[in-house]
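Chains F and S are the protein sequences, given in the same order. First residue of the first sequence: 1, per the working numbering; consecutive thereafter. First residue of the second sequence: 1, per the working numbering; consecutive thereafter.
Read the hints as simulated data drawn from the structure, not as lab findings. The structure displayed is predicted, hence computed values, not measured ones. Among these hints, one or two may not hold up.
With a straight-line cut-off of 20 Å between C-alpha atoms, the simulated EDC-like cross-links for lysine to aspartate or glutamate are [unchecked claim]:
no., chain 1, residue 1, chain 2, residue 2
1, S, Lys69, F, Glu368
2, S, Lys143, F, Glu368
3, S, Lys70, F, Glu45
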Amino acid sequence: MIGNLDHSILQQLWWLITSVVGSLFLFLTFVQGGQTLIFTTASTEEEKSLIINTMGRKWELTFTTLVLFGGALFAAFPLFYATSFGGAYWVWMLILFTFIVQAVSYEFRKKPDNVLGARTYEIFMCINGSVGLILIGAAVGTFFTGSRFSLNLYNSVTWATPYHGLEAALNPFNLALGLFLMFLARILGAMYIVNHVDHENLVKRARKATWINLLWALPFLLTVLIGFVTMDGFAVDPATGVVSMEKGKYLTNLLEMPVVLLLLLGGLGSVIYGVAATGFLGKNSGIWFGGIGTVLVGLAIFSLAGYNNTAFYPSITDLQSSLTIYNASSSKYTLTVMSYVALAVPFVLAYVAYVWKLMNAKKLDIAELTGEDANEMY
Amino acid sequence: MAGARHFAATTHKEDIVEDQLLTTVDWARAQFALTAMYHWIFVPLTLGLSFLIAFFESIYVKTGNEEWKKLTKFWMTLFGINFAIGVATGIILEFQFGTNWSNYSWMVGDIFGAPLAIEGIFAFFIEATFFAVMFFGWHRVSKGFHLFSTWMVAIGSNLSAVWILVANGWMQFPIGMNFNPDTARFEMQNFWEVALSPVAVHKFTHTTSSAFLLAALFVVGISALFLLQERHQKMAKRSMVVAAVFGFIASIFVAFTGDEAAFSVAQRQPMKLAAMEGLYVGQEKAPIIAMGIINSSKKPGDDLPAFYQEVKIPGLLSLLANRDPNSFVPGINDLVFGNAERNIIGAEQRMVTGKIALAELARYKYAKDTGDDGESAAALAIFDQHKGDLGYGYLNNPAEAAPPVATTFYSFHIMVVLGTLFPVIFLLVLYFAYKGTLEYQRWLNLACFFSIFLGYVAQQAGWVVAEVGRQPWAIQGLLPVGMASTNIAASNVQTTFFMFLTLFTALLIAEIRIIMKQIKIGPEA
Ligand code: HEM
Chain F
1 MIGNLDHSIL QQLWWLITSV VGSLFLFLTF VQGGQTLIFT TASTEEEKSL
51 IINTMGRKWE LTFTTLVLFG GALFAAFPLF YATSFGGAYW VWMLILFTFI
101 VQAVSYEFRK KPDNVLGART YEIFMCINGS VGLILIGAAV GTFFTGSRFS
151 LNLYNSVTWA TPYHGLEAAL NPFNLALGLF LMFLARILGA MYIVNHVDHE
201 NLVKRARKAT WINLLWALPF LLTVLIGFVT MDGFAVDPAT GVVSMEKGKY
251 LTNLLEMPVV LLLLLGGLGS VIYGVAATGF LGKNSGIWFG GIGTVLVGLA
301 IFSLAGYNNT AFYPSITDLQ SSLTIYNASS SKYTLTVMSY VALAVPFVLA
351 YVAYVWKLMN AKKLDIAELT GEDANEMY
Chain S
1 MAGARHFAAT THKEDIVEDQ LLTTVDWARA QFALTAMYHW IFVPLTLGLS
51 FLIAFFESIY VKTGNEEWKK LTKFWMTLFG INFAIGVATG IILEFQFGTN
101 WSNYSWMVGD IFGAPLAIEG IFAFFIEATF FAVMFFGWHR VSKGFHLFST
151 WMVAIGSNLS AVWILVANGW MQFPIGMNFN PDTARFEMQN FWEVALSPVA
201 VHKFTHTTSS AFLLAALFVV GISALFLLQE RHQKMAKRSM VVAAVFGFIA
251 SIFVAFTGDE AAFSVAQRQP MKLAAMEGLY VGQEKAPIIA MGIINSSKKP
301 GDDLPAFYQE VKIPGLLSLL ANRDPNSFVP GINDLVFGNA ERNIIGAEQR
351 MVTGKIALAE LARYKYAKDT GDDGESAAAL AIFDQHKGDL GYGYLNNPAE
401 AAPPVATTFY SFHIMVVLGT LFPVIFLLVL YFAYKGTLEY QRWLNLACFF
451 SIFLGYVAQQ AGWVVAEVGR QPWAIQGLLP VGMASTNIAA SNVQTTFFMF
501 LTLFTALLIA EIRIIMKQIK IGPEA
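Whole structure, please, built from the sequences with the hints as guidance.
Right under this line is the structure:
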């Protein structure tokens with residue numbers, strides 16, 4: 001059945017699937033956002049504990065989604081995996097470091113004899129939520145601004161700068177995207193706190209944090225949006241595969257793919273509504289609007305980069321080394337196998353949602369942190 | 001590995017000094033060994049302890065006895081601490097393929113990426129989802145659903161082992177694929193051959209059973225410590241009995257699957273087997289070396305003795321390798337230089353074939369690039385005849401085809417000796433538990449406690465056998481590690497090596513201290 005599909009359809013499908021996973025990851029970065037809120041929104045140890053324990057029940061989901069995103073890219077677009085990870089070495093290494101330190105922080109922070117002290121683990125969490133997300137944003141930004149690499153006839157990558165990707169973080173567009181993601185994560189984190197924590201003061205401050213962080217996010221969002229409509233892009237000639245610079249390529253993409261434009265605007269609208277609902281209307285359900293909105297924005301960004309004859313991982317050093325979803329993908333056979341595997345994704349989503357519902361049926365409060373299971377709390 | 005990069009001779013790739021290249025590979029290898037070994041400190045405990053906790057909780061749910069709940073929670077706390085650092089060290093392994101081994105990632109990503117993605121979809125989400133229920137769901141879900149979640153964590157963690165071992169098994173025994181000269185990579189032809197590879201099967205069974213064994217040693221050992229300290233005796237004895245039964249069954253399974261693994265290695269990676277036993281000259285009725293001291297100056301093809309001292313058991317290696325005590329087992333020399341009498345093609349001859357394959361591949365790529373169809377077709381035809389030994393074309397000297405013998409030999413022997421000791425320990429525990437005198441067996445309890453460390457030694461030794469023993473190959477016969485790494489200056493990889501070393505060591509120290517403190521606090525808290 002799936003085997004009868006064209007290779008190019010499968011490549012497009014897999015760009016969509018990886019985009020969905022990546023976008024879900026962006027939603028789940030509410031955990032990272034929450035981790036940075038412990039320094040700005042919590043005013044007492046108790047409140048800090050509440051935030052950490054709320055996020056602590058979901059951090060692995062975020063982490064796993066990131067790992068799956070990496071795995072899906074490896075399986076479906078191995079040339080991207082090889083080129084970007086091997087080339088933009090330092091960006092990815094630093095991102096990984098922030099996730100390594102995150103992974104132990106929840107478990108170790110409160111435990112006696114933890115060597116580094118609770119404060120260090122809190123700083124680790126904060127680094128993950130700030131530096132980690134900014135760098136992820138910068139890495140995604142290079143989908144539009146390009147990177148300095150070339151591939152030889154054997155598709156082996158050579159990076160043209162000794163900074164191996166760190167230079168990406170200095171590009172204003174990339175940096176703006178990174179900062180936007182960081183503030184977006186903080187908005188989502190605050191919304192999640194409102195949704196799941198039972199603590200008057202903290203919730204009050206979290207409501208406020210949603211719109212304050214939206215204000216912070218706005219200039220960066222505008223930079224990104226202006227970038228999209230004005231910048232030149234990397235167009236691919238579908239007949240020859242030749243890559244060339246095209247004026248206003250991403251604006252063209254938006255206009256030629258109205259669905260993507262809708263996703264982008266609808267997504268942003270949904271996030272903004274979520275903020276309004278949480279910050280001003282006293283609602284607790286903002287996280288769902290924020291979450292869905294984030295997923296839509298993510299899908300729009302990935303679609304802009306990969307579809308409509310666009311090179312999603314362009315090289316500015318050697319245009320013809322640029323990666324497209326067609327030249328970077330796995331063989332037809334592998335994509336077919338993986339597509340069968342992907343049929344399991346809805347089941348995974350279903351049990352994740354079911355357990356989420358069970359676990360979130362009751363809000364988290366101080367009584368739970370200090371009660372019978374206090375020993376298990378983060 | 002001079003000349004290895006001639007693979008890319010006709011390209012516009014930036015020239016990187018050969019020396020530097022070698023060190024990049026060396027650092028990348030060191031980094032992989034470091035991160036894999038650290039990761040493997042935590043993972044086997046996760047794999048086995050998750051099941052033991054599921055047993056404990058099942059007993060609690062069945063009996064309703066709160067003491068079993070307390071016991072379950074105690075082991076769960078230790079599990080959680082260990083799990084977190086397992087996750088932390090694991091993420092880097094996945095991405096390291098891209099960062100440090102990008103040529104590898106491209107050349108085999110079409111096959112190797114799939115198991116990693118499948119692992120994410122089928123296993124990691126189970127773990128991540130149910131882990132939260134296991135720890136924070138005691139009062140949020142029903143007792144039954146909690147127990148179900150605990151079982152799901154156990155099953156999920158062991159499922160994640162399946163896919164990464166499928167990937168590893170494929171590297172040791174590449175099947176179900178073909179080399180595509182146009183994309184310059186290996187492409188998958190048959191998923192089932194990859195997923196159900198016999199090597200993947202024995203990797204999985206041996207790895208999981210040895211992980212169960214380790215976790216059993218952990219629980220028995222810490223419980224023994226409680227008995228020595230005369231604390232929490234009832235809980236300790238309960239834990240010990242369940243774990244010793246589990247551990248004893250696991251040890252039998254480990255020996256059985258280990259034997260199967262050795263048989264499989266003999267068939268598919270005869271060089272590894274020869275190194276495991278320090279066998280240089282192939283022979284019939286080949287012996288196992290029960291004990292031996294390797295002669296470290298010995299090189300393939302020279303006349304030096306392989307051992308300074310050794311105690312042999314005749315015929316046993318032949319039996320292990322071919323299920324026939326009289327059969328012939330090839331030695332390192334046969335595999336390096338060939339043995340016409342036995343119809344063994346050595347690395348020396350394979351290198352000649354491999355170099356032809358590489359040269360024709362380069363000619364093919366060049367002709368394609370310049371649009372010379374006749375030339376490219378001719379080159380491809382010759383390439384196809386020689387591609388089976390592609391990897392050997394990168395070697396400079398046939399002796400490079402042999403792995404470090406001493407490391408492989410000693411690791412194998414340490415693992416096997418320990419593998420025979422552990423079931424004895426479990427049996428003794430069960431015997432004295434049956435007699436009701438476990439708490440008075442000071443020497444046994446001490447031995448149990450120290451066996452925890454021996455369990456870790458056996459675990460690490462196992463992976464050293466599997467991975468050092470397959471050198472120089474990243475993919476057996478097709479891609480030597482020297483060709484697999486990223487084109488990046490060595491200083492980068494060196495820096496990240498030390499970053500990982502520092503970070504992981506700090507975290508390991510923190511983890512050990514936290515666990516020790518929790519043991520000190522005990523289940524009462
Ligand atoms: C009782 C006798 C044992 C035998 C005959 C045996 C045999 C083997 C063999 C032949 C390999 C290499 C497989 C390969 O390269 O494909 C191996 C690997 C390994 N062994 Fe053992 N082993 C034994 C006991 C143990 C014990 C007690 C442990 C740990 C508690 C252990 C843990 C491992 C691990 C972790 C590996 C690496 C994974 C793998 O390759 O399967 N083994 N063993």
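> For the pair supplied as a hint, S:Lys69 and F:Glu368, is the alpha-carbon distance within the 20 Å limit?
Replying inline: OK: S:Lys69 and F:Glu368 at ~18 Å, within 20 Å.
>> Checking one constraint from the list: CA of S:Lys143 to CA of F:Glu368, max 20 Å. Satisfied?
In response: 18 Å, holds
>> Just to be careful, I want the Cα atoms of S:Lys70 and F:Glu45 compared with a cutoff of 20 Å; is the pair within it?
In response: 28 Å, violated
The earlier numbered hint that this structure contradicts is number 3, and it is the only one.
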